[in-house]
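Q: Sequence:
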Amino acid sequence: MTATATPPRASAPDAPPPFLAPAEERQPRAWLARAPRLLTLVALGAYAAVRWATLVRPQATVALLGLLLLALVLTAAVHGLGRLPRHLDMPAGALLAFVWLALAALISGAPSATVLEPRHWGDLTAGIQQGLADLPGLLVPYQAANPWPRVTILLGGGLLLTVAVLLASFGRRGGDGRRLLAALPLLVLTIVPATIIHQTAPVLNGTVLFALLAAFLWLDRLPRRAVPIAVGLVVAAGVAGVLVAPALRAKPWVNAQHLVDGLSRTTPSTFDWSQHYGPLDSPRSGQEVLSVRSPRPLYWKTEDLDGFDGLHWVTGGDPQVIRSTVQEVPTAALMNPRWSTTISVKLGQMTSTNVIGAGTTLSFRPAPDGLTTTGSPGTYTTTTAMKPGTSYLAEVIDAQPSRHQMATAGTNFPALLDRYRDVGLPRQSPSGSWTTGGQTVRFPTFAAHGGEPSGSAAQLVAGTPYADVATLADRLASESSTPYAYVRNVLDYLRHGYTYNETPPTRPVPLEAFLFRDREGYCQQFAGA
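With the working numbering, letter number 9 in the sequence shown gets 11, and the count goes up by one each step, no holes.
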């Protein structure tokens, strides 16, 4: 008898893990060999990374390019999982995802302790959640002190880059739909900044994006003889876009700001403009509180702190007197019509009873509800707080005299300015501390020889903490031939030996301590002194 051996039946191959392509597509050489496709993917990804980097300031170009490189390395590592035993695929994939998240968070600027120390991982999660919550109301390019919105923006860009690279490198060959799906995250990275940040060369940016997208979709599948024709078509399309662009730019098709405003659920900020001279505590959530359009740069102003009560600068003046004298301002301003301009103001996530203007504000269109004048010319308040979305046009006068004009202005000051020579002095309480409510001294105008205080004023100042301040002021004035020269001397004095610090010590007599002991502070201390 003879027996014929039956060959064993070939076993069916194991199905690939759901997140991987078939075996022939998993090998690194299967996608690295496609050099044109890889190069165009990297080029389009790098361009998208550079555009996304403009959402923060200083721009994070290096960080975004690092996240692109991380995405490429992760994709190569995921392809390598195909060589591992099946039971190790999922654990290795989870480890890769964890490593990617940790490295991406570090590249995005997350504090190292929140990434490397397990006990701080809750802080990392809370920080990212905070950043996500703040995103709808952010003012971009983002440059506020809170780091988490910046980290979230960059980490989101890294996630989109990774998704794009993974989609482009996995799956079966061919298919415009899959390539376009891979390009969508890169289009988001490019288009979003273009819709919310002013572009210096929008047509050029659009042409570059179009060329890179076309190369990614079709370059590696074009016969060599068709490449010149394809390049010619891309150039022709770019030229057509340049010609059509002026008509399309007249009005945006989608108002991105309205969409962002609708997503924002942050509480509107309020600001206290009074001077406390303590640590700076203004809101710093990064949300947009004010939008102003102006034909030239100006300082925005809410109120004038033009009276001194002995310890702080405060809003001074009699509103009734101001109503009768403010009309003198336009007459003087007509000497130079270029000082007059109109600005457009819109409140963002902010409420305020102080009306924002610039220089000396003359009128509003339309006037905010409950508008009333204050004790300082050209500033106004409202009887009820203005809400987010309030908008108006303001006609303002912002004087910009030349140095020569200021140096030769003389000392013949109008009576309108007399009240600005009044200085309140502090009084000493029974416990020995200094409080407001002391005498008010009117100092003489600046004289040609230096403008020292009169005898009675000097005696009153001598019994207060400002004796040394008066001595310093007399010395700087005696070295000055004009009021303008005196102001320049004061500015030069404060430029040497004084440093900027947003958390200066709290002192009973703040400005005296700033000048002679602490020598550190922020705008309130420098301007007040």
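Do not rely on the hints blindly, as some may be mistaken.
[To be verified] DSS-like, lysine-lysine: derived pairs with alpha carbons at most 25 angstroms apart:
#1 K303 <-> K389
#2 K389 <-> K348
#3 K348 <-> K303
[To be verified] Simulated DEER-style distance windows between Cβ atoms:
#4 G499 <-> Q430: 22 to 32 angstroms
#5 A203 <-> R423: 48 to 58 angstroms
#6 A228 <-> P120: 49 to 59 angstroms
#7 S296 <-> D420: 43 to 53 angstroms
#8 R59 <-> Q461: 49 to 59 angstroms
No wet-lab data here; the hints were simulated from the structure.
Just so you know, these numbers come straight off a predicted model, no measurement behind them.
Backbone N, C-alpha and C define an ideal beta-carbon position, used for all residues, glycine too.
Q: Does each hint fit the structure? Answer for all of them.
A: Hint check results:
{"no.": "1", "hint": "K303 <-> K389", "result": "holds (18 angstroms)"}
{"no.": "2", "hint": "K389 <-> K348", "result": "holds (10 angstroms)"}
{"no.": "3", "hint": "K348 <-> K303", "result": "holds (14 angstroms)"}
{"no.": "4", "hint": "G499 <-> Q430: 22 to 32 angstroms", "result": "holds (29 angstroms)"}
{"no.": "5", "hint": "A203 <-> R423: 48 to 58 angstroms", "result": "holds (53 angstroms)"}
{"no.": "6", "hint": "A228 <-> P120: 49 to 59 angstroms", "result": "holds (56 angstroms)"}
{"no.": "7", "hint": "S296 <-> D420: 43 to 53 angstroms", "result": "violated (32 angstroms)"}
{"no.": "8", "hint": "R59 <-> Q461: 49 to 59 angstroms", "result": "holds (53 angstroms)"}
Going down the numbered hints, you'll see the structure goes against just number 7.
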